[in-house]
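J.: With chain A's structure known, arrange chain B on it following the hints.
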Amino acid sequence: VCFIPGGSDCSISFVSHVLGKVCVHGRQKEILGVLVPHLTDLTKSDCVWQRICWRLVECVPDRWMEAVVLGFVQGAPGADVLSRLLGNLVVKNKKAQFVVTQKMLLLQYGHTTAVLQNLLGYLSLDSLRRTLLLRVLQELLETWSSSSAVKHSPAEQQLYISKAILICLSHLKEPEIESCRQELLTSMMEGVKCHLDSSLPQLRRLGMVVAESISLKINTEGPVLKFEYEEDDETRELKSLLVQTPPLCVVPSFLDDESEKADAALPLVPESNEKPHTAAPMMPDEELDAELDSDDDLTPYDMSEDKELKIKAPVYIRDCIEVLTGSRSEDVDKWEATVKALEGLVRKNPAATREVSVELAKILLHLEEKTCIEGFVELRQRAQVAVLTIDPIPVAKYLTSQFYSLNYSLRQRMDILDVLVLAAQELSCPKFHGKTKHSGAQKPCIQLLRGSDSSKDWRRIVDERIKSKTRRFDMGQSHVELASRPNEFNSVAGHFFFPLIQHFDRPLTTFDLLGEDHLVLGRLVHTLAILMYLAVNTMAVAAMGKALLEFVWALRFHTDSYVRQGLLSCISSLLLSVPTERILADMTEELLETQSWLGDVMEKDPDGDCRRLALQNLLLMENLKKKLEAIPS
Amino acid sequence: MALPPPDPQFVLRGTSAAVHTLHFSCGGPEPDIPLLFSGSENGFIHVWNLKTHRVDTALDGHGRKSVYCVETMGGKDRLLSQGRDQRICLWDLAEGRTSVTDSVFTEHVGFCRCSLLKVAQGRWLMAMAARSLEEVQILELPSKTSVCTLKPEVGAKLGMPMCLKLWQLSCDSQPVLLAGYEDGSVVLWNVSMGKVLSQLICHQEPVMSLDFDAEKAKGISGSSEKVLSIWSVNEQQNLQVYKTHELVNAGISDITIRADKKILATAGWDHRIRIFGWKKLKPLAVLDYHTATVHCVSFSDHSNPRERLLAAGSKDQRISVWSIYAQT
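Top line first, the protein sequences correspond to chains A and B.
FYI, the numbering for the first sequence is 1 to 633, going by UniProt numbering.
FYI, the numbering for the second sequence is 1 to 328, going by UniProt numbering.
In case anyone wonders, no lab produced these hints; they're calculated from the structure.
Each hint should be verified, as a subset may be incorrect.
Unchecked claim - Derived lysine-lysine pairs resembling DSBU-like cross-links, with alpha carbons at most 35 Å apart:
{"#": "1", "chain 1": "A", "residue 1": "Lys307", "chain 2": "B", "residue 2": "Lys243"}
{"#": "2", "chain 1": "B", "residue 1": "Lys216", "chain 2": "B", "residue 2": "Lys280"}
{"#": "3", "chain 1": "A", "residue 1": "Lys340", "chain 2": "A", "residue 2": "Lys362"}
{"#": "4", "chain 1": "B", "residue 1": "Lys216", "chain 2": "A", "residue 2": "Lys340"}
{"#": "5", "chain 1": "B", "residue 1": "Lys261", "chain 2": "A", "residue 2": "Lys307"}
These figures come from a predicted structure and were not determined experimentally.
Just chain A, same shape as in the assembly (with noise of 0.2 Å):
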């Protein structure tokens, strides 16, 4: 359709009409495609056209309103354009102004940034929308400061209303942020509060980067709030929306150029200043060499016993745990000895740390950092492992006992599980040449020493199990062979497992695993998923499997996603370890009810991680029926 323009007086109602059932029947794309650009064009310059333009979509009844704006704002190249074509339609049409500030902010995420920028930006072109600006972003604030919202939308979701909110950001000028500076604080606390209080690290990365923005742009001058995190392509693409770019380019690109100009703007904490000079080492003149060296008279005396200082560990076992619990403050160079030793001297040494196994666990657990010595949690933990693994049945007797005790922290409680994880995988692998060496092939290698990320683990894991079961020939003999060892683990697993699973809905003064402690809450299921995964062909697995199944069923509907996103794993660490038969002989009809749970999950969790684990389950499920069917009777 070409508009043509009239010289006099015209109505153009009628085609605002056909615009509005245009769009209304889904065509925006084909009609706005070309009517955009030519308005584009005509309205750099021409008021008239321009005023045209707005009586055009002013005109559009209100029932198909929203479908034409909507397509506006999707298709304009900026938002000085937006601005020019809609001029102030949002102030004087109310459906317009619905959609623009509350529908496609708050109830739809699905827009790209673009898109955002370009509403946003339009919002701010004029003083008389401006004061919507500021509106959205207030009812964008609430939102992204309100505990329920955090826990219960999608991450799409708060990623999409976080991009909102830095754009609005960049777009207020100081006058505006003194005005609203108190509101700006507030909801700034109290949503950080909320996103910090996550169990899913992106949720958490996404609260500190916005609170870092909104702190730099209320607190012009003196120190800012600066969080630590990981940065990635995420963080990097939030934080250039801080700076607009002028309204030149047609495609905004945000990232490489803008986020380096962001990361400048962000003011650290003003380090000392004068540092004074330092000069470079003249070197020694050379005239000092041609003069007589008196030096040369002294003879220097034979210095080959000049050694590093090593202060020697204990060397027997005893002699550790006397230094480790030893009050004695002056021998901390011992202490950091024996602590850097610990993890070697009991593996060579299985007898003698059996006969102590459960003070050795005891002291470890309680071992705090006396000096400041590199790499310290780790070298406990591994300590902590090696003695798990010399003596599993007490140690893990002991440990499984002190993760229900009162009085632990919460960060010992998931050392506790970290540990039992990681010995558990060091007794269910086979040795190679008397190291553990995980052939990466077979099995991915679980990293549990810093709060991770479990769930990727997870996809990267059930998909290569499910990968090496599903495949049917033979992959023919170009990977060495292992050496085959008799399963460590078969015989402690269920030591291991059991206890676990036993107290948790047994709350303790200061451990509540059903309430306040969901992290641990949602550890403690990853935990209870790996050794379920790690218990295959192991005699205690099929008894493993009920008790999972009856755990997991109680606790499906947590409010978590990370506990949720945990009962799925474990899902699927039952389906994949139990061997089929067990399965169908003990646990049929759990098995069917959690299958209509699963495809619940599936279709409505608003967690991604969880639908695609329950997909991914439900597809093992199939795999099994198959199989099932497949074996002639």
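T.: Using the frame of chain A, we list chain B on its own:
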């Protein structure tokens, strides 16, 4: 074939506490007994007779708080000692007396040893760390009048002064102070005007000790890290790094250059005393006798070069006395 390092000539035992500071007084004419003063952690100053190798007198003037600096003021009859009781005491030891004639209340709670410089007959300048965190106060002794207070500028963040050395090029030139600070920098101060002449970052860790050779305008500083830093003062009174020397083990408590400027000794946290040639910092010997960190080293002031000694005091409560490179 290099000779193995020598053993100590003798070892003084009997302080019953870690030895923090040593000072020789052997320059007197023949009937005078060569003495060694030592300050210990239990607050006693022991006067050792170097002929009999026994303690002649024990001075108790710091309330059993550790003594970390002793110096003589023009002969063995006048002694200055500094202790952790925040006092500097002046002693009169002539004719067998052992009395404190005067004391200065420094209000300094750190470990910075004071530095003495004789400016005229019977007059000394003393630099000491003062009460306020970064300041150094210069007093005139024995009148105890304050000459000036050296305050670093606001925001310099030097930290505490760790070691001081007052010196002057010749008798009538201006006295200057070299101060090593907690942030690893050495600052050259003009005492009369009270301002900084030059500042140089020598170390990443606090400067533990420094010594200076006024004739060559070269100094050396040691820190808690593995590096010894040698720097010089040029004609414009600017400090410049001359070279650095890396040690085998980290940590230096004390450095001292012998009076003939030929060798220097360092006291290490690794229980060893190291001897270097001063001219080019050539490592000469590693003396390994003590079983705990060596806190202080000191060269004697014997007028006969052959009798010169080196003493080292350590946390293992012993003072080892060595005769090394005495023939040159």
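J.: Take the hints in turn and mark each one as holding or not.
T.: Taking the hints in turn, this is what the structure says about them:
Distance hint between Lys307/A and Lys243/B is fulfilled; the C-alpha atoms sit about 23 Å from each other, no more than 35 Å. A threshold of 35 Å between alpha carbons decides the hint, and for Lys216/B with Lys280/B the separation of about 12 Å falls inside it, so the pair holds. A hinted pair counts as satisfied when its Cα atoms are at most 35 Å apart, and Lys340/A with Lys362/A qualifies at roughly 18 Å. Taking the CA atoms of Lys216/B and Lys340/A, the gap is about 47 Å. The hint is violated against a cut of 35 Å.
Among the hinted pairs, Lys261/B with Lys307/A is consistent with the structure: their alpha-carbon atoms are about 27 Å apart, no more than 35 Å.
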